[in-house]
Amino acid sequence: MSSASFETMYVQHFNEGARPIDYYLSKMNGYTALKKAFGMSKDDIIGEMKKSNLRGRGGAGFPTGMKWGFIPKDSPKAKYLVCNADESEPGTFKDRDIMRYTPHLLIEGMVIGGFTIGANTGYIYIRGEYTREAKLLDEAIDEAYAKGYLGKNILGSGFDFDLTVHRGAGAYICGEETGLLNSLEGKRGEPRVKPPFPAQAGAFGGPTIVNNVETLADVPFIINKGGEWFSNLGKLEKSGGTRLFSVSGHVNKPGVYELPSGAFTLRQIIYDVCGGVLDGKKLKAVIPGGSSAPVLTADEIDVIADIDPIMKAGSMLGSAAIMVVSEDYCVVQLLLRITKFYAHESCGQCTPCREGCRWMEDILHRIVHGHGKTQDLDLLIDITNNINGKTLCALGDAAAGPVASFVKKFRPDFEAYIRGEKHA
Amino acid sequence: MPKCTIDGREVEFSAGENLLEVARKVGVEVPYFCYHPGLTVVAQCRMCAVEIEKFPKLQTACSTPAGDGMIVHTRSEKAKANQKSIMEFLLINHPLDCPVCDKSGECDLQDNSYRYGDSYTRSTEERRTYIDLDMGPVIKKNMNRCIHCTRCIRFGAEVAGVREMVAIQRGNSTEISTIDGRPLETDYAGNYADICPTGSLTLKDFRFKKRAWMLKKTATVCEGCSRGCNMEIQQDGGSVYRCIPRKNMEINQYWMCDEGRFNYQYLMDPTRIVKPRIEGVNTTWSDAIGRLKATLSGKKATILVGTDLTVEELKLIQEMSASMLPGSTIAHIGTNGVSTTSDDGAEDQLLKRKSKTSNLHGAEKLGIAPYKSMASGSEAVLIFRGGKAELPALTGIKKYGVGVFTESEAQGFEVVLPSTSFAEKDGTIVNFQGKEQRLKRAINPMGQSKQIGEIFMLWKNSSSALRAEATGVA
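Chains as they are written, first to last, in numbering that gives the first Met the number 0: chain H, 0 to 423; chain V, 0 to 473.
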């Protein structure tokens, strides 16, 4: 499939000129979906969302329509819609482009979302490092307020919606939705015990929906063109729309690519879309969904790059951040770097993650610096088993997945270090 | 009632009960560290994870409410493997300094390690260490031993009402500390040591004094105020080493204040009078009783009774004084400014009461009036005191004391007959809710102190008692 033969929603607008609200209104049918949504019943909106087969773009891939349906219709407490713009999974940079070039898509999506679930307050929790994007969002929100797309009685519908950008302080764990909510409330960014899930008791105790930037930015398209149209963009069942892939590492053309869901294999993305491995080198490994996704070897990339096929292949699509590793790069050192990240970002609440991540880092550090022992590799696998699925939130799994997969798939590389043939 | 099955045992539960508590009902113990029934559930330690049929992952028993028809396995292979791995994780950075740790012998980490852990470690990495700051007079912190259960943080914020313990740093470097390293503020700091599942927070007062397993424990009641917190006196060889709270959901739940906790120290005050005295000079019981009898009989006395005495003692004093000191009046003393039960209110939002004696409510029930001033025509004052009842200023009148006094308190007393404190006797006290509670004797009376009943007996039968004591024939 050539890269021109499919419909895209975003990439044609990814330039500095697309940011102002005038562009959005004239070139992107801006805020027409909102008008349409105000004329629809809330059940109909959720119905369209379900039909669209939109699955959360943050990493977990949960069907968005179903998530919205979890919000109780009657609640004595105020409801909230929160946009997770903490985009901190290493390798992911797609939400940044949405916020940078088409912020009004996100804003319109949030107003529609707020209207649907009955929330009058929305927050965009943006990672601290995105200083420029936070400012751009603030400017876009000001534009929307000025035109009456935010604030009291939006477009005469009687619906009020206020939107605030909240900047994080740079913790990866605040991308976990309950950690994010704690941080939003001014507490330590530590995940909460679930249940209760945010849809029952989230921000400030009220029913809350937390959605990814890309997920919310998809909403105006779905409302305007219908759930079925959106679903048909995807080439697999139960996975609609296009996806923004963040491709990085040793490829000739890294960047953000918008591709139909389920249309391309990893091999096609790397070799056809992104121009192949840098300097014509051989491919060593691919991390298909942000650094927490288990690694795939060069032989395992003939898999469709979508949620379910990649899960079947033993990894995950996550945030669709594809990291390409060429033969020149040492996977042992790469794993140490990844593990160091998770050990550093562990919040420290629960035992397996707090102790286990650091332990794995220590062992890997030893191996890389020439002090590895034969039993270390089995010990590492054992530690990942003891972390995986045993932690309070998904960070433990995120740290264990890479270690287990790297050690299992590239064991000879590790053994070379342990034998003393290599060291940093 | 709904039912679930835990390790093959069917058990009924009420809605909302968590699996950990439900399991306990049928004698199944699920190990845990961070859970505490008096604090919110955080499910952080992951030790209590159990296998529930039809659930793909292990679930923490503390945070999972029991469900009808649930089938739970707390000792399945998966659950056991998790318990073993959590113990391993907790110990890779623990100093394992049990031989010099005060918590040893009553340490959750030690006990659970023994039962659920492995006897060897696979870790060869350097252990994490911290530098500890002083936390004030009550608690000694040893962060190296900490397992990050956050019970102390939650106790401060949720029970004591002070957000003073916090987690600083993150991940593996997380440190539990006071804000900016300030000393602890709460009057309930001792509870931090009680709820700490390791030797990370220990009582400075108890530090290095005794191994926990040497202590003999007596379940009794605190006499520090009119609440009557349930507590345990722990002693060895007649010396009290510490007091810790016992659970009583109607009175003190799981807690006690520092004032009550360290109240025991006056028992062993070196200036406490534990031998009979006449005009400040130690003497024998027969001489002291003889002097009391000779100088008091036939006189009109004002009898002051401390509201720190038990109901039985007060009743005895009422009855005996009616026959032995006819015409005398009885009034109670206790806390200045709190002379009746209607003056006795809450002193803080948690446990403390204004009346600093234990039995004000019991004394009032017996019809004893508060002391206001000397009854007209009184020629002497006889004071019965069980502990720390506040003494009024009395001048120009002969004073006699029976009970617990220090040398400075008994200055100018004609006779002092040492008697017993709350830890040295059995008896009943009535708390502010009207609940009757039992004091249990934990240690023998100090020195030559005698029970008040015994003293009355000596007094009444003094001629024969004197003879017996003088000749050495009982």
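These are computed hints drawn from the structure, not numbers from a lab. Ideal placement from N, C-alpha and C gives every residue a C-beta, glycine not left out. Take the hints with a grain of salt, since some may be wrong.
[Stated by the list, open to error] A few chain H residues that face chain V, going by a derived Cβ cut-off under 7 Å, partial list only:
(1) C349
(2) E354
(3) L378
Here's how the hints hold up against the structure:
1. C349: Holds, about 5 Å.
2. E354: E354/H check passes; min Cβ-Cβ to chain V is 4 Å, inside 7 Å.
3. L378: holds, 6 Å
Violated hints: none; the structure is consistent with every hint.
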